[in-house]
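J.: Below, each chain spelled out in residue letters.
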Amino acid sequence: MKDMIKTSTADARQRRKGSGDLLGPNSEIGRKLRQYYDDLVSEDVPDRFAQLLAQLEQAKPASKKD
Amino acid sequence: MAVSQGFKTDLLGSIPSLRAFALSLAQNADKADDLVQETLVKAWDKHASFQPGTNLKAWLFTILRNEFYSQMRKRGREVQDSDGIMTAKLAVHPAQHGQLDLEDFRGALEQLPEDQREAIILIGASGFSYEEAAEICGCAVGTIKSRVSRARAKLQEILQITGEDEYGPDAISTQVMGKPAA
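Residue numbers (this note's numbering), protein chains in the order written: chain G, 13 to 78; chain H, 306 to 487.
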């Protein structure tokens, strides 16, 4: 949960450099776009991804590959 | 080189963004989560090719995007319109006093071609610069700019948003086109 919030604010901070005027705070499209996307970012992450990473970690434990 | 704990933590932290991007591309929750899963597996396998200190999120988005397009090619570019998107299209109505329903916006976004949709998401929502988005999509910066601008114009047209700038429909065409039939 903490991670999600962190990611969300990082996205918000980072995107200021990207969106420019075209999709800035004065743009209805820009605002809706961020609302749409932030809704998606703040969704709960299913457990399967943490499980997957744990499996990957077990399959490749401290491998010596290069 | 072993996969470091830090890399794993960073991957975990990227999942919400990856899912949002995957959903924006695939427009389907199951497909989106499959894309994220593939992306994590590939990222894990290729971790040695990631340069620490560079933008992990951009690197992961590139993997996810490549995966999306390669899956689309495998499926012979199936029509995206299979999950109620038509219904969403029908629901779009003119924005009133700048209040725009999020469902309508989603429906409008779904009508964009993939290349325009991904461009406007990367720039307007995911927080990438034009240069980063160009790298993720493997195209020129100018191409991203033109896709974003076409995407925005198209969204304004679908949602009948006026008065934002000179690119919007003019007042007369809005009067003609903008009124509901009944």
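To be clear, the hints were calculated from the coordinates, so they are not data collected in a lab.
One should not assume that every hint holds.
If you only want the chain G side, here are some residues facing chain H, beta carbon under 8 Å, derived [said to hold, decoys possible]:
id : residue
1  : 34
2  : 47
3  : 49
4  : 58
5  : 61
6  : 64
Capping the alpha-carbon separation at 30 Å, the derived lysine-lysine pairs in DSSO-like fashion look like this [to be verified]:
id : chain 1 : residue 1 : chain 2 : residue 2
7  : G       : 72        : H       : 379
8  : H       : 336       : H       : 313
9  : G       : 72        : H       : 336
10 : H       : 313       : H       : 347
11 : H       : 313       : G       : 72
12 : H       : 450       : G       : 72
13 : H       : 347       : G       : 72
14 : H       : 379       : H       : 351
Per label pair, the in silico range of CB-to-CB distance [claimed, not checked]:
id : chain 1 : residue 1 : chain 2 : residue 2 : range
15 : H       : 451       : G       : 36        : 13 to 21 Å
16 : G       : 59        : H       : 333       : 29 to 37 Å
17 : G       : 66        : H       : 447       : 39 to 47 Å
18 : G       : 58        : H       : 347       : 16 to 24 Å
19 : H       : 462       : G       : 38        : 14 to 22 Å
20 : G       : 36        : H       : 436       : 15 to 23 Å
21 : G       : 59        : H       : 347       : 14 to 22 Å
22 : H       : 447       : G       : 38        : 21 to 29 Å
23 : H       : 462       : G       : 72        : 46 to 54 Å
24 : H       : 451       : G       : 67        : 40 to 48 Å
We put the beta carbon where it would ideally sit given N, CA and C, even for glycine.
J.: Checking one constraint from the list: CA of residue 379 of chain H to CA of residue 351 of chain H, max 30 Å. Satisfied?
T.: Since the Cα atoms of residue 379 of chain H and residue 351 of chain H sit roughly 22 Å apart, the hinted pair holds (cutoff 30 Å).
J.: Honestly, do residue 59 of chain G and residue 347 of chain H meet the 14 to 22 Å range at C-beta?
T.: Check passed, 21 Å falls within 14 to 22 Å.
J.: Please check whether residue 58 of chain G passes as an interface residue: C-beta within 8 Å of a C-beta belonging to chain H.
T.: holds, 7 Å
J.: Residue 336 of chain H and residue 313 of chain H were given as a pair; does the straight-line alpha-carbon distance stay at or below 30 Å?
T.: Holds, because 23 Å separates the two Cα atoms, which is no more than 30 Å.
J.: Taking the CB of residue 451 of chain H and the CB of residue 67 of chain G, does the distance hold inside 40 to 48 Å?
T.: holds, 42 Å
J.: Please work out if residue 347 of chain H and residue 72 of chain G have their alpha carbons no farther apart than 30 Å.
T.: holds, 13 Å
J.: Are residue 447 of chain H and residue 38 of chain G spaced within 21 to 29 Å by their CB atoms?
T.: holds, 24 Å
J.: Between residue 59 of chain G and residue 333 of chain H, does the C-beta distance stay in 29 to 37 Å?
T.: violated, 20 Å
J.: Does the Cβ-Cβ separation between residue 66 of chain G and residue 447 of chain H fall within 39 to 47 Å?
T.: holds, 43 Å
J.: CB of residue 462 of chain H to CB of residue 38 of chain G, is that within 14 to 22 Å?
T.: Taking Cβ atoms as reference, residue 462 of chain H and residue 38 of chain G lie about 19 Å apart, which means the hint holds.
J.: Against chain H, is residue 61 of chain G within 8 Å by beta-carbon distance?
T.: holds, 5 Å
J.: Could you check the hint for me, namely that residue 36 of chain G and residue 436 of chain H are 15 to 23 Å apart, CB to CB?
T.: Since residue 36 of chain G and residue 436 of chain H have Cβ atoms about 18 Å apart, the given range 15 to 23 Å holds.
When each numbered hint is compared with the structure, violations occur for hints 12 and 16.
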